[in-house]
Amino acid sequence: MPAAGGSGRTVVLWLAALPPVLATAGVVLFSLSELGGRTLFSGGEPANVAEAAGLGRGAEVLRMLRAGQDPHVVLPIHPEIISSTVTRASAVEAAVWSRKAQLVALLDREGALADPEQRQHVLCLARDVGVDEIVAYLTRTGSASCEEGRTLAAVRARSAR
Amino acid sequence: MISASPSVASPRDRSTRLSYLYGALVLTGVGYFLLDLPVQVTDSYGNMAQAEQGTLWDLTYRQFFQQAYLRPLLWGHIRVLLDLAGSSYFWIFRGWHVAQVALLIALFLSIVRPRGAAAAAAVPVGLGALIGMHTFAGTIREAFPVNTFMTILLCCYGAMAIALGPPRWWRDVAAFLLFVFAALTVESGLLVWVVFVAAWMAGARGVSRSGVAAQCVLLAAYFYLRFAVLHVGAPGLEERSSGYGFSLQDPSDLIASFGGNPLPFYAYNVLSSVLTILFGEPRAGVWVTVRDAMMRQEYVTPRSVLVLACTLGSLVILNYVWRRRREWLARRFDRGDQIVFVFFGVTAANAVISYPYTKDVIMSPAGIFFAAALTVALRELLENALTATAPRAALAGVLVTGLSVAWAVAFATAHFGLRYAAVQTRAEWAYVDAWLEREHLVVSGPAAVEMKRRLQDEAIRLHPMRPPLRGDWIEWMEAN
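Note that the protein sequences, when read in sequence, are chains E and V. Residue numbering for the first sequence follows my numbering, beginning at 553 and increasing consecutively. Residue numbering for the second sequence follows my numbering, beginning at 127 and increasing consecutively.
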């Protein structure tokens, strides 16, 4: 910024220009950092499809499914995503904790719940976790009974190993 | 009649180059965030599928016979880009959006023409207002898939650049073509006429007297064509929801309240539209900042910061008018005066055409002229502060700091708004089939199905989602 006049009053020019210039510099630095692979002020990307499902990120789940990740494979999940007691789950299980019925519907649409046994497993888990919206979605096509608490306990036990 | 002040008439200097360099830096940031935003589902995919049918001529011609809206060149614009895109929609449509913002920034700088240190110091605040203004958000956060509002902003700034230049015959021709293009793109394109007429009234002679007369004939021809020949009409109360008081009202509520006599509602919309430019409130007719403060005891919000930014900006502009009152009364306008004068004209006209319903983005033409007027007024305030007494300079320093910080926050907030929109848009693409079912929309024809598949693939796989941002201050900004 070129100075106009030699007096200390030119500071008023800096007072005007500096805040937006700093904001712009911040935005550009953020962009460069992200282009370099590090997104500032974020928790990072989900490591796998189960983490994406636990976070309720439909777009990421879809991308990973289309990239060939299996929604039924049990994967490690960061404790902050669901809870410290649920650190190993499949994507269809983790989707229950996202509490988003539309995500379960997306997995269903992609064929992840085509197997009746899988469907029943997710339904029982949704009942144990208490996500009525997902229970309502899955019982639209009929359901068998669940033993209360058993599915959730099994997922937790798997995480404790 | 026209007497340019030394600061704006002086040749290009280092400050000019710095200002353009800074403009490029601003574009880098905005462009990066814009390219993170995929083509939308709502308002984009349906329009694209519709625009792909028939020939360009058929598509454009059909639009002359719609009800309530006359926007044939909007559809032509989409179709041309579609033809250019082939099956690679992302780079053409998103790249076009970035190119439009680049052109807007270049036009802004060519209009305010920064010369000297004070002008160069005012430019960052002006660009902060240009990008950070709430009326601008709707021109970058969404697209249909071409953002029509952005197209009109370019036409309005283009008109101003033509009007401010030296008299040339080709400027009359350019003005003629610009009006036809803008008016047949969207209704707010008529503001191009306001820019030419207001600039001419303030002494800008880039367009000749006969060129301005041609603009008036074109305006009359537009209304004749719209109402007497094509019987397109105008949108009524039943078209959209609109804000009133402290909440958004559905069309049925509006008809119940104002169906018998809509004039008070129209007057409210016009007044709200003027106030939202000058004070950043109400937002789309709703007094959100007042509501937040009175009912939720929330005082420091992005919206209240914007209120501060707009209010201080308006104070600076009014201070400029007051200081220049003798020149204005004697009709001795310089380039800066012409910009500020056109700002008032565009704001008034923009508010009037917002009478059926008010929305932030509809006032975006007034918003970009606010940014230009603020840059001119701030430059003058800074020049005066350099030679003022110590107490006056200190007072100016306090005012300028508040103004500058508030616009810096609004500017940064605009980028976080883009990231938020990018996350939302990708979620829409993930659940697009469920959305189509819910809306009872059927994608018919292999071309439309393939287009949907391709757009979803671009949004989800080819240009995947960046990690959402976290933190209290991020959420604070995203609450805007």
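No lab work stands behind these hints, which were simulated from the structure alone. One or more hints might be untrue.
Stated by the list, open to error - Which bits of chain V does chain E cover? Going by a derived footprint, with three or more residues having C-beta under 8 angstroms, they are:
hint: 1; region: 222-229
hint: 2; region: 341-353
hint: 3; region: 469-475
hint: 4; region: 508-514
hint: 5; region: 553-562
As the list claims (entries may be wrong) - Where chain V lies over chain E, by a calculated footprint (3+ residues, C-beta under 8 angstroms):
hint: 6; region: 565-572
hint: 7; region: 610-616
hint: 8; region: 657-669
hint: 9; region: 673-685
Glycine residues also receive a C-beta, built at the ideal position from the N, C-alpha and C atoms.
Indices of hints not satisfied (ascending): Numbers 1, 2, 3, 9, in rising order.
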